[in-house]
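Visitor: Residue-level listing of the chains:
There are 2 protein chains.
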Amino acid sequence: MSQQNIYDNDDFYSNFKENREDKINFNDIIEAPIITGMMPDLSGKKVLDIGCGMGQHAKQYAGMGASSVLGIDISDKMLAFAKENNSAGNITYRKLAFEQLEKLEGRFDVITSSLAFDYVQDFAGLMKKIYDLLDRGGKLVYSMSHPISTAYDGVYDRYTRTESGERLYANLHNYNVEGLRRIKWVVDGYELYHRKVSTLINDMIKAGFVIEECQEAEVSKEMIEKYPDKFGGIMHHPDFIFFRCRK
Amino acid sequence: MSQQNIYDNDDFYSNFKENREDKINFNDIIEAPIITGMMPDLSGKKVLDIGCGMGQHAKQYAGMGASSVLGIDISDKMLAFAKENNSAGNITYRKLAFEQLEKLEGRFDVITSSLAFDYVQDFAGLMKKIYDLLDRGGKLVYSMSHPISTAYDGVYDRYTRTESGERLYANLHNYNVEGLRRIKWVVDGYELYHRKVSTLINDMIKAGFVIEECQEAEVSKEMIEKYPDKFGGIMHHPDFIFFRCRK
Numbered sequence: 015m016s017q018q019n020i021y022d023n024d025d026f027y028s029n030f031k032e033n034r035e036d037k038i039n040f041n042d043i044i045e046a047p048i049i050t051g052m053m054p055d056l057s058g059k060k061v062l063d064i065g066c067g068m069g070q071h072a073k074q075y076a077g078m079g080a081s082s083v084l085g086i087d088i089s090d091k092m093l094a095f096a097k098e099n100n101s102a103g104n105i106t107y108r109k110l111a112f113e114q115l116e117k118l119e120g121r122f123d124v125i126t127s128s129l130a131f132d133y134v135q136d137f138a139g140l141m142k143k144i145y146d147l148l149d150r151g152g153k154l155v156y157s158m159s160h161p162i163s164t165a166y167d168g169v170y171d172r173y174t175r176t177e178s179g180e181r182l183y184a185n186l187h188n189y190n191v192e193g194l195r196r197i198k199w200v201v202d203g204y205e206l207y208h209r210k211v212s213t214l215i216n217d218m219i220k221a222g223f224v225i226e227e228c229q230e231a232e233v234s235k236e237m238i239e240k241y242p243d244k245f246g247g248i249m250h251h252p253d254f255i256f257f258r259c260r261k
Numbered sequence: 015m016s017q018q019n020i021y022d023n024d025d026f027y028s029n030f031k032e033n034r035e036d037k038i039n040f041n042d043i044i045e046a047p048i049i050t051g052m053m054p055d056l057s058g059k060k061v062l063d064i065g066c067g068m069g070q071h072a073k074q075y076a077g078m079g080a081s082s083v084l085g086i087d088i089s090d091k092m093l094a095f096a097k098e099n100n101s102a103g104n105i106t107y108r109k110l111a112f113e114q115l116e117k118l119e120g121r122f123d124v125i126t127s128s129l130a131f132d133y134v135q136d137f138a139g140l141m142k143k144i145y146d147l148l149d150r151g152g153k154l155v156y157s158m159s160h161p162i163s164t165a166y167d168g169v170y171d172r173y174t175r176t177e178s179g180e181r182l183y184a185n186l187h188n189y190n191v192e193g194l195r196r197i198k199w200v201v202d203g204y205e206l207y208h209r210k211v212s213t214l215i216n217d218m219i220k221a222g223f224v225i226e227e228c229q230e231a232e233v234s235k236e237m238i239e240k241y242p243d244k245f246g247g248i249m250h251h252p253d254f255i256f257f258r259c260r261k
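Keeping their order, the protein sequence lines are chains A and B.
Each residue of the first sequence is one higher than the one before, counting from 15 in the working numbering.
Each residue of the second sequence is one higher than the one before, counting from 15 in the working numbering.
Mixed in with the good hints there might be a few duds.
Since the list can't tell identical chains apart, any single copy or any two copies may satisfy a pair.
Claimed, not checked - Derived lysine to aspartate or glutamate pairs resembling DMTMM-like cross-links, with alpha carbons at most 20 Å apart:
1. 142 <-> 227
2. 261 <-> 226
3. 261 <-> 227
4. 235 <-> 192
5. 73 <-> 55
6. 142 <-> 226
The set of hints was computed from the structure by calculation and includes no laboratory data.
Sequences are here, hints too, so could you generate the full structure?
Guide: Listed below in structure tokens is the structure:
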């Protein structure tokens, strides 16, 4: 998959936007607090947000003292939303694909990405490009779907459930088989790449990075009890994985 | 679980030994080739093997040029077997538990362990003790049961199978719930500790280590087709995880 741009698909975009506008969503409840907690001090830092989407994170990082935030994304719809809703004097939004990172001029202190690296075919190559774009001592902080999650290939359900729908356990199939997954998520034919956790780790290291921290998605017991339909599976099956590493 | 010594349980020992003597076993086919491939050059190196068991690995490392190999284990039966079957002039076997590592004098160039860290309650503390026992630039190379494997708590079967027994997918339950697992493996009441992959990574880093490589158990398609009863689940559910890190 080269430069997949499913976010400009009308059905996908409107469903995706609706999910995000729900106040109880995985991104606001799980992803954002964890990645924010892993961020270094952003005061005076030049930040690049790869796959910035609707710009919520870019806006947040701009407010955390970054001197500048450049948000790049491939989707016109996402960028239009970001410009309209998450602008600030120190934020720039620009249309650019993962595969075009070498077009960026200058270096960054912090490069970040939230749940976008799933779409990258050449993860090892991406790590090398990001390494080159960082100043010495610079940090990469990112989240992506957890390998236990990306393993899902649609052959079996994600979970085995009781008749009333309670998730008993996750059905883990072909974790050791890496590569393209075409599944149903929001729309049919959603594409992402599955990689084992060892591949993520080794690709960061081979690019030159020193790994500083890893986190796996968790949510409080209170949230699970309050919203079992949304969060009931996370004890079996962490949805996201997070890494911070330094050049 | 403090200093669990299930290997001196007669039933466990005889069953365990029988498994290992089977030429087609997980240790010889999967674990040994991967960990050996991750070893640095051992020429002239002082090696410590923690939980050396029957001494196969110690014997191997001694043959790879190590100046000395110290194998430690808590089980008298294992140490007796090791001394009888896997001795060499540069190998010493000694009875010592994980919790007594500080009793060792001197430093090591390489510290290794094969499938023994599952039994350690305080993994963070173990990493710190090992760090202290290494010379600067020294390496820790170890294998343990994969977090996807140690998550197993016996509530559901490990796999969902066809009526003829073929493993369709792994049943992953409570991955995000760390801690003691008491399960049936070889004997009832086998105890080990489940930790998430992020905990392993963060505990190594907090001890001071730089992670150099990670591997997850794999086996060739030929072996899976030839021995589906033994290896048929590994595509869904890697049994072991391996790390190499340096001080």
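Visitor: Now, for every hint given, state plainly whether the structure supports it.
Guide: Going down the list of hints, with the structure as the test:
| no. | hint | in the structure |
| --- | --- | --- |
| 1 | 142 <-> 227 | both (19 Å within a copy, 17 Å between copies) |
| 2 | 261 <-> 226 | both (10 Å within a copy, 14 Å between copies) |
| 3 | 261 <-> 227 | both (14 Å within a copy, 17 Å between copies) |
| 4 | 235 <-> 192 | between (32 Å within a copy, 14 Å between copies) |
| 5 | 73 <-> 55 | within (16 Å within a copy, 49 Å between copies) |
| 6 | 142 <-> 226 | both (17 Å within a copy, 16 Å between copies) |
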